[in-house]
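If you want the building blocks of each chain, they are given just below.
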Amino acid sequence: MTTFLLRRIALIVPTLFFVSLLIFGLQQLLPGDPAIALAGEDRDPAVIAFLRQKYHLDDPLPMRYALWVEGVARGDLGESIRIKRPVFDLMTEKLPVTGELALMALLIALAIGLPAGIIAAVNNGTVMDYGVSMAALWGLSIPNFWLGILLILLFSVELGLLPASGFVSPTESLKQNLLTMVMPAFVLGNAIAAGMMRHMRSAMLQVLSTDFVRTARAKGLPEIWVILRHALRNALIPVVTLSALDFGALLSGAVLTEQVFTIPGFGKLIVDAVFNRDYAVVQGVVLFTAFAYIMLNLIADIAYVVLNPRLR
Amino acid sequence: MATEILTGIASDEPIGEPPWLRAVRRLVRRPTAMIGVAVIVLFILAAVAAPLLAPYDPLATNWAAVRKAPSAAHLFGTDEIGRDVLARIIWGGRASLLAGLVSVMLALALGVPVGLVSGYVGGILDGTIMRLIDAMLAIPFLILAIALAAFLGPSLTNAMIAIGITQMPIFARLTRGQVLSVKHEDYVEAARAVGNPQYRIVLRHIFPNIVPPLLVQATLATATAIIAEASLSFLGLGQQPPTPSWGSMLNTAKNFMTQAPWMAIWPGLAIFSLVLSLNLFGDGLRDALDPRRE
Amino acid sequence: MVFCKWLCAGFALLFSAMLSGTSAQPAQTLRIGLAEDPDLLDPSLARTYVGRIVFASMCDKLVDISPELDIVPQLAIEWQWTDGNKGLVLKIRQDVKFHDGEPLDAAAVKFSLERHLNLPGSNRKAEISAVTNVDIIDDHTVKLVLSAPFAPLLAQLSDRAGMIVSPKAAQAGGDFSTHPVCAGPYKFTERVAQDRIVLDRFADYWNKDAVHLDRIVFLPIVDSTVRLANLRSGGLDLIERVAATDVDTVKRDERLKFSEITGLGYTGVTTNVNNGTRSKNPLGQDRRVRQALELSIDRSALNQVVFNGLFQPGNQWEPPSNAYYVKSMPIPGRDVAKAKELLAAAGAPHPSVTLMVPTNPELLQAAQVIQSMAAESGFDIKIQATEFASALDLAVRGDFEAFLLGWSGRTDPDGNIYNFVACKAPPALNIGHYCNSEVDRELEATRQAADPAERMPHYARVAEHVLGNRPLIYLWHNRHLYGMSAKLTGFNPYPDGLIRPQGIRMQ
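Protein chains in written order, with the working numbering: chain U, 1 to 312; chain A, 1 to 294; chain S, 1 to 507.
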């Protein structure tokens with residue numbers, strides 16, 4: 001067990017190294033001179049030269065990579081050229097926002113996906129199974145930005161029930177915060193719900209055909225009891241661990257959702273940074289999210305081994 | 001019921017039939033999967049027959065008929081410079097289907113060999129490749145696609161390449177997993193003992209076993225790719241005007257949601273139905289190919 | 001089970017939170033929806049147009065403009081050209097305070113102007129580079145010493161280059177853009193990147209009687225549909241850049257009001273006439289081909305299709321309503337027959353042109369319309385949609401044939417023409433590398449005196465050359481389109497598009 005853990009932790013380093021290479025390369029090799037893009041409309045040659053010098057844009061690539069990595073090791077992720085603020089500060093500002101969105105989306109996804117998965121598994125092969133599966137899949141099949149705009153038009157413009165966009169911090173007003181988050185969380189959670197449903201259905205089907213479930217049935221226990229107490233508990237293990245992998249999907253989905261609903265989170269930060277050639281921001285954010293994803297995977301793997309008595 | 005519990009297979013299935021026939025039989029018995037197949041085939045036929053089917057030239061502009069509501073002359077209405085929306089949906093199907101298929105094929109072409117080699121050879125090569133794959137998977141899919149598409153330049157081809165590259169790691173990992181689980185099976189050991197060359201072992205013995213999960217993943221990946229193309233187009237990175245694609249039609253339509261909602265409804269519905277059908281088919285395929293389940 | 005506990009708790013929290021009270025908002029807050037997130041809030045370093053909208057509420061400048069584009073007093077109450085137009089003496093208003101309480105005097109003006117000139121990376125240096133010295137005459141009088149006469153100077157001082165910042169705050173260390181201190185009607189309270197910028201009323205503003213609102217919040221919302229949705233649902237009070245196709249929606253909504261004014265900028269097709277190898281094509285080399293392209297385009301129809309007829313068609317760097325518009329050269333109509341003749345005479349009946357277009361929906365639409373119109377004359381236009389940052393880079397390097405590009409516009413006509421056609425202009429702006437020494441001489445002449453009557457004849461001659469050669473085919477001038485709540489009164493649109501808070505009231 002310890003060797004397993006140590007080995008996994010050791011593997012994080014090369015993975016992160018590749019991530020850093022990948023994102024650094026993609027950013028630095030993006031067409032378009034960041035200095036010109038960021039020099040503003042007047043494109044004063046003096047300003048362009050100044051920016052190039054200040055941000056080492058004329059240095060050879062390997063040297064810029066080394067500078068960046070050295071900074072990261074010190075905790076300095078660079079600064080946003082566009083608004084001259086440290087990337088680290090921007091990230092700490094926006095992480096809670098996307099975190100809240102992701103959490104609410106996850107809750108919604110669980111609320112939709114888990115019951116759907118259970119019902120589909122228990123009624124496997126019947127109309128219920130097909131109907132529920134289809135209903136859960138619609139979230140995955142609908143382009144989330146389209147759904148977002150439709151919801152805004154319906155709930156904000158026509159019905160005036162919810163704010164069309166923006167974000168209010170929960171410390172400022174919890175009610176406003178939840179009102180601004182309801183639609184984006186729903187749009188995002190919708191898409192993840194299908195994944196949850198699939199995991200749950202798969203796991204339940206597997207568990208329902210095992211020996212001890214058959215034993216429980218043979219003992220004469222009521223079906224609901226069998227499902228909820230025996231099957232569900234065991235089915236949850238793979239579901240929980242697989243959900244960790246959905247974190248990546250959550251972040252991908254957040255990118256467009258935040259764009260449409262103007263939520264100042266990670267997703268919006270990255271998209272704007274790519275188009276503004278604010279490469280330090282992109283590099284910093286991607287490195288961080290990659291790290292978080294790897295850690296989550298590690299925790300999920302550990303949890304799987306720990307929780308699953310058969311593997312120990 | 002008793003027979004099922006004891007043997008774990010449905011009692012009316014002949015025991016000796018080839019696995020693929022059994023899979024097809026199971027698939028056919030699943031209505032949602034069949035609906036999915038029907039819709040997919042419909043879209044493919046429409047896209048192929050576009051020149052015959054489309055009522056107008058999808059690029060023909062008409063200043064007098066700008067943003068007209070659906071009518072007898074234009075069943076789906078017209079867009080912001082007077083082009084027929086129905087014609088653009090039919091022709092746009094080509095772009096979206098192509099985006100889905102080509103990117104997945106690229107992902108397969110890149111990912112499967114990498115996974116095969118990595119799984120079969122093992123050792124340091126496997127370790128390095130897997131770290132690279134892990135790195136690609138650690139970066140959120142859409143962000144990687146955006147960075148790639150921005151890097152390559154906005155066009156449908158580049159979007160397909162970007163999406164294909166972004167989906168490659170999943171296939172690589174899947175293939176490798178299958179290879180690892182099959183590598184030490186008896187029949188593979190036997191083939192090795194007999195003295196078969198490596199490539200033959202891989203192609204003849206290992207490869208056929210990994211096709212089923214790859215097929216399922218490919219179907220689901222096509223669905224993801226179509227949505228990814230729409231997402232990239234929404235950001236301005238995919239298909240560029242005037243050639244239609246459902247995603248780029250949505251991108252333009254979002255500015256006219258209140259005055260000309262039909263510009264957004266039809267492409268959105270098209271994406272939704274095709275993607276849903278692919279997902280239904282993929283799920284059905286997964287169930288049908290799973291040896292453990294009824 | 002554990003799981004149900006968490007889920008149930010979550011829902012309970014949700015419900016109780018929704019039933020709890022709301023937060024109080026300070027009285028009279030104006031929420032303005034911007035089309036982009038501003039960049040640095042430092043007048044010397046700022047680069048974006050939307051940043052100027054924020055500055056209009058936060059940082060007063062030496063002079064301002066009237067809606068008719070006349071120079072009017074703001075921090076300077078009087079000015080006088082001296083020394084053969086190589087000196088400008090400005091009298092500074094008395095009893096003006098900065099947001100930090102410091103007094104605004106000649107020393108502060110000198111400090112700010114020198115900061116604009118000398119701060120590394122300053123974007124204002126090129127704007128007032130003619131100024132070599134700032135002399136303090138007395139406590140409230142400064143004299144700007146110029147290296148050569150420069151008529152557009154006052155217009156520059158009516159924008160960011162004339163903004164005066166508190167020397168104490170600027171020298172206090174740390175980043176000035178994160179805590180800007182100026183002398184405008186509102187002071188900086190907080191900024192959350194990409195989310196909001198909050199300004200609160202400055203109690204000691206010199207013109208406090210004109211200011212009626214307590215707080216202004218700027219909210220950048222990039223998508224125009226969402227921006228409008230916010231306005232309609234009451235989440236915003238005023239928005240800029242209403243999409244032309246949304247104007248009818250605004251006018252029909254009784255909760256809203258609409259306001260518009262022609263802007264200072266233009267959009268047109270810039271041709272690569274002399275920037276590298278890609279200029280070696282019929283369009284780049286032969287003025288007759290460029291004339292044929294212009295004659296293929298029906299500017300009115302273009303305006304009608306893309307902007308619902310709401311923008312202003314144009315053929316010069318100033319709109320027809322501007323005092324500096326050369327009236328003897330009006331907008332030409334469409335003439336496909338003549339275009340075909342010209343192409344035949346030039347020996348290129350079917351020229352192929354790659355038109356580079358930034359990935360902006362309106363520009364892409366316009367490009368498609370142009371493509372369609374020009375096809376009738378024989379042009380085969382390929383649209384190359386390119387992300388803006390890449391497009392700029394390609395353009396500067398000369399890797400383009402034609403570029404559909406706009407310019408946001410400056411108050412003084414010099415700002416709309418000099419940097420785009422002068423031989424000495426920065427290559428990043430005169431991307432086509434057009435160069436004509438005659439034109440340069442005339443442009444220098446326009447800079448000598450501030451009197452429009454003296455400048456006009458020179459501009460007329462510049463127009464003869466530029467409109468004849470067509471290195472730039474001007475197509476339209478934007479109109480600033482505003483949507484606002486019906487409760488908002490006292491809003492006056494200005495050609496520079498900026499939102500000036502003085503006079504605005506909310507019921």
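No wet-lab data here; the hints were simulated from the structure.
In this text, all values refer to a predicted model and were calculated from it rather than measured experimentally.
Idealized CB from N, CA, C, for every residue including glycine.
Watch out, some of these pointers could steer you wrong.
[To be verified] If you want the ones that stay clear, here's a sample from chain U, every Cβ over 12 Å from chain A, calculated:
1. 32
2. 69
3. 240
[Unchecked claim] Below, simulated EDC-like cross-link-like pairs (lysine to aspartate or glutamate); rule was C-alpha separation at most 20 Å, straight line:
4. S/208 / S/138
5. S/251 / U/41
6. S/168 / S/78
7. A/68 / S/362
8. S/257 / U/158
9. U/84 / S/175
10. S/382 / A/185
11. A/68 / S/190
12. S/280 / S/190
13. S/168 / S/204
14. S/327 / U/129
15. S/424 / U/158
16. S/143 / S/78
17. U/84 / S/95
18. U/84 / S/102
19. S/97 / S/209
20. U/54 / S/175
Verification of the hints:
With 12 Å as the threshold on Cβ separation, the claim that residue 32 of chain U sits away from chain A is violated: the shortest Cβ distance comes to roughly 9 Å. Chain A leaves residue 69 of chain U outside its interface by the beta-carbon criterion, the shortest separation being 15 Å against a cut-off of 12 Å. The beta carbon of residue 240 of chain U sits about 19 Å from the closest Cβ of chain A, which is more than 12 Å, so the claim that it is off the interface holds. The hinted pair formed by residue 208 of chain S and residue 138 of chain S fails the criterion: a straight-line CA distance of about 26 Å is larger than 20 Å.
Taken as a hint, the residue 251 of chain S and residue 41 of chain U pair is broken in the structure, with Cα atoms around 32 Å apart against an allowance of 20 Å. Straight-line distance between C-alpha atoms of residue 168 of chain S and residue 78 of chain S comes to about 26 Å, which puts the hinted pair past the 20 Å bound. Of the supplied pair hints, the one linking residue 68 of chain A and residue 362 of chain S holds, its CA atoms being roughly 19 Å apart against a limit of 20 Å. With a C-alpha separation of about 18 Å, the suggested pairing of residue 257 of chain S with residue 158 of chain U holds against the 20 Å cut-off.
Restraint check: the Cα-Cα separation between residue 84 of chain U and residue 175 of chain S comes to about 8 Å, which is no more than 20 Å; the hinted pair holds. Pair hint residue 382 of chain S plus residue 185 of chain A does not hold up; C-alpha atoms about 57 Å apart against a cutoff of 20 Å. For the suggested pair residue 68 of chain A and residue 190 of chain S, the alpha carbons sit about 46 Å apart, so the restraint of at most 20 Å is broken. This hinted pair does not check out: residue 280 of chain S and residue 190 of chain S have alpha carbons roughly 52 Å apart, beyond 20 Å.
Restraint check for residue 168 of chain S and residue 204 of chain S: satisfied, since their Cα atoms lie roughly 18 Å apart, inside the 20 Å limit. A threshold of 20 Å between alpha carbons decides the hint, and for residue 327 of chain S with residue 129 of chain U the separation of about 75 Å lies outside it, so the pair is violated. Restraint check for residue 424 of chain S and residue 158 of chain U: not satisfied, since their Cα atoms lie roughly 55 Å apart, outside the 20 Å limit. Distance check on the hinted pair: residue 143 of chain S and residue 78 of chain S sit about 12 Å apart at the alpha-carbon level, within 20 Å; holds.
The straight-line distance between the Cα atoms of residue 84 of chain U and residue 95 of chain S is roughly 34 Å, outside the 20 Å bound, and the hint therefore fails. Restraint check for residue 84 of chain U and residue 102 of chain S: not satisfied, since their Cα atoms lie roughly 26 Å apart, outside the 20 Å limit. The straight-line distance between the Cα atoms of residue 97 of chain S and residue 209 of chain S is roughly 15 Å, inside the 20 Å bound, and the hint therefore holds. With a C-alpha separation of about 16 Å, the suggested pair residue 54 of chain U and residue 175 of chain S falls inside the 20 Å cut-off, and the hint holds.
Hint violations for this structure: numbers 1, 4, 5, 6, 10, 11, 12, 14, 15, 17, 18, all remaining hints satisfied.
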